[in-house]
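Below are the chains, spelled out letter by letter.
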Amino acid sequence: MNVTSPSADMGASSSRRARKGSWKDVAIANGSVVSIALFFIVVCVVFSLITGSFLTTPNLLNIVRQSAPLLIVAAAMTFVITTGGIDLSVGSVLALTATLSAVLLQAGLPWPLVVIAMLALGAAIGALQGFFIAYERIPAFIVTLAGLSVIRGVALLITGGYSIPVEPTSFFVNIGRAWFLGVPVPALLALAVLIVAYLAFNQTPFGRYVTGIGANAEAVRRAGVDTRFMTLFVYILSGMAAASAGIILAARLGSGSSNAGQGFELDVIAAVVLGGTSLFGGRGTIIGTVLGALTVAVIGNGLILAHMSPFLTPIVTGTIILVAIWLNFRLFKGAARSR
Amino acid sequence: MMSDGETYRVRMTGISKRYGPIQTLDDVSLNLKPGEVLGLVGDNGAGKSTLSKVLSGAVIPDSGTIEIDGKAVSFSSPADARAARVEMVYQDLSLCDTVDVAGNLFLGREPRRHVLGVPFLDNKRMHDETRNMLDRLGIVIADTRLKVENLSGGQRQSIAIGRAASFDPSVLIMDEPTAALAVAEVEAVLELIRAVSARGVSVILITHRLQDLFLVCDRIQVMYEGRNVAERRIGDTSIEEVVNLIVGRKFNARSARASRDEGVQP
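Chains as they are written, first to last, in numbering that gives the first Met the number 0: chain H, 0 to 338; chain L, 0 to 265.
To be clear, the hints were calculated from the coordinates, so they are not data collected in a lab. There may be inaccurate statements among the hints.
Label-pair distances were calculated between CB atoms; the ranges are [to be verified]:
hint	chain 1	residue 1	chain 2	residue 2	range
1	L	66	H	138	44 to 50 Å
2	H	56	L	116	36 to 42 Å
3	L	107	H	145	30 to 36 Å
4	L	17	H	322	57 to 63 Å
With a cut-off of at most 25 Å between alpha-carbon atoms, the simulated SDA-like pairs for lysine to any residue come out as follows [said to hold, decoys possible]:
hint	chain 1	residue 1	chain 2	residue 2
5	L	146	H	324
6	L	123	H	201
7	L	123	H	202
8	L	146	H	106
9	L	123	H	194
10	L	146	H	33
11	L	146	H	326
12	L	146	H	325
13	L	146	H	329
14	L	146	H	52
Residues on chain H that point at chain L, a partial pick, calculated with CB under 10 Å [claimed, not checked]:
hint	residue
15	199
16	207
17	208
18	215
19	218
20	224
21	313
Think of the CB as a built atom: it goes at the ideal place given N, C-alpha and C, for glycine as much as any other residue.
Construct the complete structure from the given sequences, taking the supplied hints into account.
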């Protein structure tokens with residue numbers, strides 16, 4: 000090969016890259032995670048300085064307890080968005096499972112059965128939407144937008160708009176309220192889900208195909224993978240994640256409300272996108288999603304502790320989303336140019 | 000043709016395919032020996048892509064027979080063709096840009112290790128085997144963890160070819176592998192084709208770059224409007240003749256004259 004050829008240059012530059020990357024190479028390759036990590040740290044430092052109570056163990060545990068539903072659903076949403084899809088129905092599924100679990104507990108069903116039934120319901124809703132998306136080729140945005148409307152409607156129809164109480168003596172409420180080894184149970188559940196999601200995303204063939212489908216679905220299909228089932232499966236995951244979020248929420252609040260989780264899907268999508276997962280698919284990171292979700296949670300918590308109007312939360316969150324993605328975009332562009 | 004008594008790797012005889020009013024393939028034959036590189040040329044719509052798709056199982060012909068190593072086969076899907084060790088490198092390469100080099104080479108057949116019955120990727124084995132595979136084919140890529148989007152066009156093409164070659168094919172079909180590549184990259188891809196055929200793989204090369212044919216092919220088959228019009232051993236023909244055969248009449252192509260003057264002999 001000629002020395003002055005473009006491919007020889009390319010080979011040379013890639014061998015330069017190959018020296019087992021300095022932290023700078025790693026930072027540029029993971030620009031999206033680095034930028035959200037910086038944001039997360041900045042937000043935490045700012046709130047630690049302006050409020051005395053932010054950086055205390057009870058408050059931090061409170062944040063992870065309250066953000067457990069967000070973390071769980073955002074982990075599943077990372078899979079969905081990485082395939083190039085979207086699931087707008089998660090807030091409605093959360094509301095439906097929260098109300099239905101309260102209704103079923105009132106009807107006297109044992110709590111383990113209720114949990115299993117709700118997870119199965121979430122999976123079934125996900126499978127139905129996934130069928131229209133993967134096999135009937137209707138855009139995910141449209142299918143889940145319809146789902147958002149219909150499922151919320153069903154929840155309202157069941158309750159007539161009222162919230163349904165859960166008996167506080169039921170073991171069920173422990174799912175949302177109990178502490179184990181000094182940590183809230185919802186936080187432990189979220190941690191377990193995140194570990195499984197991380198391993199599945201990065202270390203299994205399934206995670207590889209999810210990324211591949213987002214990058215070039217036809218290539219994955221030609222490689223002999225059942226891409227339609229894989230696509231359907233990520234909606235089953237997000238349905239089940241939304242159902243577990245509904246269960247945790249109903250258990251923590253001690254009631255099931257059909258109005259729960261209004262706008263929840265947007266918080267979830269914000270957390271995932273903030274973490275650096277591309278809405279066009281093919282690029283996703285679970286670590287970024289965790290940082291994104293925690294940033295969204297910390298902003299909400301910190302503004303309240305700082306006695307600022309809670310209505311500032313959406314304004315600050317929205318601004319940070321735009322700025323973080325903008326920085327990330329510049330970082331990536333810079334990396335590409337210097338190469 | 001058959002009088003020399005050799006067994007052919009591929010014998011396609013009397014292949015016909017009609018799409019509505021258009022007879023895309025009309026009684027076409029194609030023979031290929033082990034380790035031979037055949038250039039398949041013709042104008043757009045001459046039927047070369049359809050013919051290659053018949054052999055790769057993506058198109059089912061209306062009539063005709065296919066024999067591989069003397070055995071009659073009938074392909075109803077690309078999976079059937081792959082089982083008979085016929086591989087095709089598509090023009091769009093079928094690579095996942097955001098997946099690394101090793102991930103693309105092993106897409107759909109990743110080495111796995113089972114932990115508690117759950118399949119995990121065996122990353123170490125995958126990267127080690129990728130390294131071996133690239134070295135064996137002489138493909139220069141420094142790091143198998145690079146994402147494919149960071150590679151040059153020639154390197155991407157090499158990975159697509161390397162992936163097809165790694166299935167241990169007996170027949171490899173390549174559709175326009177050198178289109179849109181820089182000069183040195185074309186050289187690297189042609190070198191790769193020689194390396195693959197030296198290992199006994201029969202190659203069908205579809206290309207519009209006639210100068211490439213003279214660098215790697217043993218034989219050229221020209222198609223015109225769905226029919227075979229000519230077959231030439233590479234030593235017995237010139238780029239000018241091939242151009243005339245492709246366009247189907249005596250055509251004093253300026254490109255052909257220029258190429259001959261510069262000398263295209265291998």
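Hints breached by this structure: The structure conflicts with hints 8, 14 and 21, although it agrees with all the remaining ones.
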